[in-house]
Amino acid sequence: MGEPMNISKIKSEIAKTSSEEVLNSYLEKINKSKINGYSTVYDEAVEEARDIDKNGHDGILAGVPVAVKDNISTDGIPTTCCSRILEGYTPPYDAHVVERLKSEGAIVIGKTNMDEFAMGTSTETSCYGPTLNPWDTGKVPGGSSGGSAAVIASDEAPVSLGSDTGGSVRCPASYCGVVGLKPTYGTVSRYGLISYANSLEQIGPLANNVSDVAIMMDVIGGHDTRDSTSVSQKTNYQNTLKDDVNGLKIGIPEEYFGEGIDPEVEESVWNAINKFEDMGATWEKVSMPNTSYALSAYYIIAMSEASSNLARFDGTQYGYRADGDNWHVMASRTRAEGFGTEVQRRILLGTYALSAGYYDKYYLKALKVRTLVKQDFENALSNVDVLMTPTMPTTAFKLGEKIKDPLSLYLADVNTVPVNLAGVPSISVPCGFSDGLPIGLQIIGKHFNESTILQAAYSFEQNTDYNAGRPGEVE
Amino acid sequence: MAEENPDGVVIGLEIHVQLNKLNSKMFCACSTDYHNSEPNSNTCPVCLGLPGSLPVINEKAVESAMKVGLALNCDIVEQTQFHRKNYFYPDLPKGFQITQYDYPIANDGKIVIESDEGEHVVRIKRAHMEEDPGRMMHIGNIEKSKGTLIDYNRSGMALLEIVTEPDIRSPKESRRFLDKLRNIIEYLEVFDSNLEGAMRVDANISLQGGSRTEVKNISSHKGAERALLYEIMRQKNIMRRGGEVTMETRHFDEEKGCTVGLRSKEAEHDYRYFPEPDLTPLRVADRVPKVTKTLPELPDAKRERFLSQYGMTEMHAKALTSDIRVSEFFEEVAKEVDPKTSASWVADVLKGELNYRELTVDAFKVEDMISIIQMVTQDKITEKSAVEVIRQILDYGGKPDEIVRENGLLKVEEDVVSKAVTETIQENEQAVNDYFAGKEKSLNYLVGQVMKKTRGRADAKEVRELLVDKLNK
Ligand SMILES: [Zn+2]
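Protein chains in written order, with our numbering: chain E, 1 to 475; chain C, 1001 to 1473.
In short, the hints are calculated from the structure, not lab data. We treat Cβ as the ideally placed atom computed from N, Cα and C, and that holds for glycine. Wrong hints could be hidden among the right ones.
As the list claims (entries may be wrong) - Straight-line Cα separation of at most 30 angstroms, BS3-like style, residue types lysine-lysine; simulated pairs: (1) LYS361/E <-> LYS11/E; (2) LYS368/E <-> LYS1085/C; (3) LYS1461/C <-> LYS1439/C; (4) LYS29/E <-> LYS11/E; (5) LYS1125/C <-> LYS1172/C; (6) LYS1256/C <-> LYS1290/C; (7) LYS361/E <-> LYS1125/C; (8) LYS1351/C <-> LYS1290/C; (9) LYS285/E <-> LYS275/E; (10) LYS365/E <-> LYS1085/C; (11) LYS374/E <-> LYS1085/C; (12) LYS1399/C <-> LYS1365/C; (13) LYS1441/C <-> LYS1399/C; (14) LYS1060/C <-> LYS1146/C; (15) LYS1290/C <-> LYS1021/C; (16) LYS234/E <-> LYS1441/C; (17) LYS1021/C <-> LYS361/E; (18) LYS249/E <-> LYS285/E.
Claimed, not checked - Every beta carbon over 12 angstroms from chain E, so not counted as near; a handful from chain C, in silico: (19) PRO1045; (20) LEU1050; (21) LYS1085; (22) TYR1152; (23) ARG1175; (24) ASP1179; (25) SER1193; (26) ARG1241; (27) PRO1275; (28) LEU1282; (29) ARG1305; (30) TYR1396; (31) ASN1444.
Said to hold, decoys possible - Label pairs and their computed distance ranges (CB to CB): (32) LYS1290/C <-> SER408/E: 34 to 44 angstroms; (33) GLU1244/C <-> GLN375/E: 53 to 63 angstroms; (34) ASP1395/C <-> HIS223/E: 28 to 38 angstroms; (35) PRO1296/C <-> HIS223/E: 42 to 52 angstroms; (36) LYS1222/C <-> LEU407/E: 51 to 61 angstroms; (37) SER8/E <-> MET1137/C: 49 to 59 angstroms; (38) GLY1397/C <-> ASP75/E: 49 to 59 angstroms; (39) HIS223/E <-> TYR1089/C: 27 to 37 angstroms; (40) ASP75/E <-> TYR1089/C: 25 to 35 angstroms.
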């Protein structure tokens, strides 16, 4: 087992050698890697590293390589959502989060592999082929930000950005044994994030430890006038993290420990809760009765929004373009050839849910359920500070095991999607292993109360050693 | 008040007004000046609909829309919400248009127009905001085009769609309505009707006993009357032959002046409206007092004021206020010269000369108008000469006094001729008697005498007329 990397180690490494050398050592590792965590590796980043070495930079991430999910726009670096339809598309602008990273001196080392358009839980639907789980290459890394989690677990980047629409940061964090945060809706600007389901998703950081996640949040969070749903102010989590959960009230929603949960996962999560109790926290069971409706509501809302968001990919301006005698034929063929099966499925289902005569029955009803789910969280979190659940009901499953059965794949998201419906923040931290595969603990907080869940996760990390090791070199 | 309407014509209009006086587009900071720009130069990720871009509401556009709503006597909604209207079209970069659906910015207004029997109220159902798509340009002609180019400079321009109730009863009335609407909106300084594409109209029309058709793509307020006249004729002829007018969407072909049916598939749309997730609902009710304060005096109010303040005729008041620029021009002139006289010169003369040349009042200087009227009132030039001066300025430019001098239009010179005529009559008793005795030739002699006196500067024909005039007094 290797030793996990972190931002402060990287910075002292850079101080000892140079940004260029550190970057090159990462590029070498990536070139040798078998896990297919990157969709695009940005070798030209060396120029930026040299520039930082030459001119210096006082940013908190000066010279630190960062991997960015392939649905976050990067000026001059292809951004394809791992879809054929965006073949050859290179954005002429940086996403807000990328601007922020660059202003702190970070170097985008590459774009990470993902499920096509972030629609998936396994990173198997990427047009570049699946990413493998560094702990067991026969297993999926989770998704949709599978690449962003896997490259950290395999030390091909110290930190990364993913996006979380229904668990897409937390699921791969859990499966790959790293830390991943889904911030409160509105905390991080979505400007430049290629939308899958706008009302649900947030960009979130992944790292080997909670401190690095806090640093990344401080960098990417804060108000951005270009995103009308962006609300929060700048934060300073990195300097306020304390190893202290004394008096922390934990709620355990029974509904999250239901059918389909792996007994070993359940046991690890209860061990974690007991650990928190040892550390001075208290826990109580809470009820969230509408949890069982969350999954269906989530998929209806996500697919409906997706059906509209993905309408722009018609071959007119950019990306893949099929032949056709007229525009309508060209656009139809482009979409038929450019989108993968799962994306087409979701576009069709979403189109259906928004259609006249079905809108009330599906979309409107889903919005009502969303309100109920939100109320569940408000009620539960009115008596406790945080909620704790398994991030995923199981550990990473086999490659190819669920890809032919979309429903079983959708069911894997059961513990993560309610969080997106409610818009509250949630973090996944490693809390054990089962058959050598990592298990994730999900800690959910109140709106804009990232500090509490970060501190709980940090304290847990300080008092346990679940993320002390890393998978060996993948051969 | 029942207007003659034997065919039972019922017309409702949907008018797209481009808020083209705004500095920036509806959801991004790009310039709105697409008419004078290179294609695709006023664009950004937002109005190009690039992946990852997000819209931000232009608050000025919202306030402009509120201004229009208030000027059309509408109620302003408490809180507005933008929706997505989903459809595929080459000029639509996002595959949907951001528009307002069940919470339009303004509801339930009215416009009072003149009908042949007096005032007629056309109710405004709603006015909602939306973004303009890009502009397609075909290489070659539309039928045999080698390809199509898209200019996204127009993409994202703020539009206001104003929907009337079916209260209009003839094409003529629809023209009057559109003229009035245009006039009101121009008063608000949010809209310049002279720019191409500034006002586009869709019309719903039915005749008694027939179904309603929708005529789309009428690209100007002027085209609306023509499109409707054609459509009424078409529907009447179908009914006359015992046929049935079917409910359909038709396209107005501006060049041919006719309407063409679209394949029914094209007309059937399920736009799958749903709330735009990237924009939060916007509370606007509390801005109503502030926006109301910015409302200028509107055409009807200005007309009333012109009547009472300047004592002009109803006709002059109407003519002067039907165009905000003309009304402002008039008031500038009226500061210096008698208002009633000014009203007559601006409304009766200048406006006519401008219309004839398809010019706006911006083509004429207030100071020139003042000096021309002053020359007339001070008896320096005749009214006829004054009209000539106005024409010369419009056609060739120049200053009034120069034109008067160069063309010898000063009345003083006419007096010289007149004096010469009188003297000639007094000095040539014999020739005068001969003239009355029927000797035509003596008139030629008299003309010659006058020409001699004026050293040939007078116009012989005018001199002859003047002589005949004076002799017969
Ligand atoms: Zn723009």
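Consistency of the hints with the structure:
1. LYS361/E <-> LYS11/E: violated (54 angstroms)
2. LYS368/E <-> LYS1085/C: holds (22 angstroms)
3. LYS1461/C <-> LYS1439/C: holds (18 angstroms)
4. LYS29/E <-> LYS11/E: Judged against 30 angstroms, a Cα distance of about 18 angstroms means the pair holds.
5. LYS1125/C <-> LYS1172/C: Given pair LYS1125/C, LYS1172/C holds - Cα atoms ~21 angstroms apart, limit 30 angstroms.
6. LYS1256/C <-> LYS1290/C: violated (47 angstroms)
7. LYS361/E <-> LYS1125/C: Cα-Cα ~29 angstroms, so holds.
8. LYS1351/C <-> LYS1290/C: Roughly 35 angstroms separates the two Cα atoms, so the pair is violated.
9. LYS285/E <-> LYS275/E: holds (16 angstroms)
10. LYS365/E <-> LYS1085/C: Distance ~20 angstroms between LYS365/E and LYS1085/C Cα, so the pair holds.
11. LYS374/E <-> LYS1085/C: Judged against 30 angstroms, a Cα distance of about 27 angstroms means the pair holds.
12. LYS1399/C <-> LYS1365/C: Between LYS1399/C and LYS1365/C the Cα gap is close to 10 angstroms, so the pair holds against 30 angstroms.
13. LYS1441/C <-> LYS1399/C: Distance of about 43 angstroms is beyond 30 angstroms: violated.
14. LYS1060/C <-> LYS1146/C: Not satisfied, since the Cα-Cα distance of roughly 40 angstroms exceeds 30 angstroms.
15. LYS1290/C <-> LYS1021/C: holds (20 angstroms)
16. LYS234/E <-> LYS1441/C: violated (104 angstroms)
17. LYS1021/C <-> LYS361/E: Not OK: LYS1021/C and LYS361/E at ~43 angstroms, beyond 30 angstroms, violated.
18. LYS249/E <-> LYS285/E: holds (11 angstroms)
19. PRO1045: violated (5 angstroms)
20. LEU1050: violated (7 angstroms)
21. LYS1085: violated (10 angstroms)
22. TYR1152: violated (9 angstroms)
23. ARG1175: Consistent with the label, ARG1175/C stays out of reach of chain E, its closest Cβ about 35 angstroms off (over 12 angstroms).
24. ASP1179: holds (37 angstroms)
25. SER1193: holds (31 angstroms)
26. ARG1241: holds (35 angstroms)
27. PRO1275: Not fine: 9 angstroms to the nearest Cβ puts PRO1275/C too close to chain E.
28. LEU1282: Given that some Cβ of chain E is not farther than 12 angstroms from that of LEU1282/C, nearest at about 9 angstroms, it is violated.
29. ARG1305: holds (42 angstroms)
30. TYR1396: holds (49 angstroms)
31. ASN1444: holds (80 angstroms)
32. LYS1290/C <-> SER408/E: 34 to 44 angstroms: violated (57 angstroms)
33. GLU1244/C <-> GLN375/E: 53 to 63 angstroms: For GLU1244/C and GLN375/E the Cβ distance comes to about 54 angstroms; the hint holds.
34. ASP1395/C <-> HIS223/E: 28 to 38 angstroms: Once the Cβ atoms are compared, 59 angstroms apart, the range 28 to 38 angstroms for HIS223/E and ASP1395/C is violated.
35. PRO1296/C <-> HIS223/E: 42 to 52 angstroms: Since PRO1296/C and HIS223/E have Cβ atoms about 36 angstroms apart, the given range 42 to 52 angstroms is violated.
36. LYS1222/C <-> LEU407/E: 51 to 61 angstroms: At 59 angstroms between Cβs, range holds.
37. SER8/E <-> MET1137/C: 49 to 59 angstroms: Cβ of SER8/E to Cβ of MET1137/C: about 57 angstroms, so the range 49 to 59 angstroms holds.
38. GLY1397/C <-> ASP75/E: 49 to 59 angstroms: Given a distance of about 52 angstroms, which is inside 49 to 59 angstroms, the answer is holds.
39. HIS223/E <-> TYR1089/C: 27 to 37 angstroms: Cβ of HIS223/E to Cβ of TYR1089/C: about 35 angstroms, so the range 27 to 37 angstroms holds.
40. ASP75/E <-> TYR1089/C: 25 to 35 angstroms: Hint holds: Cβ distance 29 angstroms, inside 25 to 35 angstroms.
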